[in-house]
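**Student:** Sequence:
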Amino acid sequence: MSLEKDLEHIVETIVPVDPSFRSVDPLHLRRCIDHARHTAMTNCKEGFILAAMRLLALPGNGHTRLIPTAAISVLPVRFVALGHAVHLVGSSPKYAEITKGELRAVNGVPISELEAAADAYLAGTTQRKRVVSPILWAWPFALARLGVPSKDDKTEFQVQRVDGQIVDEVISNTQLVPASIVYPRNEHGHVDPDWTPDSYVQISRVSDRGFSISLPSFFDPSESALPAAIEQAADHVRSHPKSSFVLDVRGNTGGNFLFIMPLIDVLAENAKNRRVAVLVDKFTFSAAIVFVAILKHRLAGQLTIHGEVMGDGLTFFAEGGLVTLPGCGAEVRYSTAFHDWAHGRTDKTTPPEIANQIVPVGDLSIDREWVEDPGGARSGLASYRKILDDLN
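Quick note on the working numbering: the sequence shown kicks off at 397 and runs consecutively.
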């Protein structure tokens, strides 16, 4: 299949069914399509992928985007946005000794300038862009297109170590690996790109004051394991009516929030006798954000939100699906349904089962700011204990 066929599929099949494109200026859309067509006609795969990223980012809807991971090769280093900075957290085994720490610049250009240059290619909110942009810093072709070309076919990364020392790590652009080795399709923020949760629910007694319930993912292809785990969690909450709980959805990139409703119901049953906190981060997306929204609505003043601004807002388009473009190999996530959890609005694209749950939340402001450990390891019981102490 050709790149021109890939573009045809985007323009004729995806754009017409994705309601997020309704807000895009037709002239701007046409210009981006024409640019993508030019790159397709020159048979420049990486150039086409970048052009398609820009095209699909036009609606500003994070669920609608091109995911290049399966189609490109990058330098063998893993960057992750942690806290307020980007960190080099890992690499392929050959580069195991590479310096870990905060990424300050690439080829002499500060990371803040890189992020500004890449803005138009990234879909969604500022937080989502910070989550998905690090793959670009390991992609020499993209760096060159962003005005940060390599010298002598080598890429130079300026890294600040934990001890404050700044070092330069130089990697030859010939040392490319498939991007999927170091970057997951859905960025979760863990050092290991292949990380998957051990279970859908992890319950721990934190102290005499209460428990933690970790909910790392709401995506369950079987549609049976997650509901069973949630029912066990609901039973646990029901059997401890006076205990406080910390619900951890950091790194939860979403799934089906309808499976989680029994846990919300039981937390709301006895809300006056307990305090509940939810811990979130920029890797909290989609259905996990909806989970927090419904919790806030149902628990009102009994819920506090800890962490950092999540990866999406409360008004977005979702559902849809994922398709692979056969010519270039990149994947396209598209949307088909309107969600507005800020104002409680729906439209004709909102599925009835979701429309029945949508409530007006207003916003999900963070009550207690908490940012990820730059080392990349999500802290557990110590953080939960501190949050419970604050709650009580």
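Hints listed in this document are in silico derivations from the structure and should not be mistaken for laboratory results.
Please note that the accuracy of each hint is not assured.
Derived lysine-lysine pairs resembling DSS-like cross-links, with alpha carbons at most 30 Å apart [said to hold, decoys possible]: (1) Lys-547 - Lys-490; (2) Lys-401 - Lys-441; (3) Lys-668 - Lys-525; (4) Lys-744 - Lys-782; (5) Lys-547 - Lys-496; (6) Lys-668 - Lys-782; (7) Lys-638 - Lys-496; (8) Lys-441 - Lys-490; (9) Lys-782 - Lys-496; (10) Lys-547 - Lys-525; (11) Lys-441 - Lys-550; (12) Lys-496 - Lys-550; (13) Lys-668 - Lys-744.
Derived Cβ-Cβ restraints for the label pairs, each shown as a range [as the list claims (entries may be wrong)]: (14) Glu-627 - Ala-667: 14 to 24 Å; (15) Ser-635 - Gly-504: 53 to 63 Å; (16) Gly-725 - Val-566: 45 to 55 Å; (17) Met-657 - Lys-782: 26 to 36 Å; (18) Asp-588 - Pro-747: 31 to 41 Å; (19) Ile-562 - Met-437: 24 to 34 Å.
Beta carbons: idealized from backbone N, C-alpha and C, even for Gly.
**Student:** Where does the structure disagree with the numbered hints, that is, which hint numbers, in rising order?
**Tutor:** Hints 3, 4, 7, 13, 16 and 19 not satisfied by this model.
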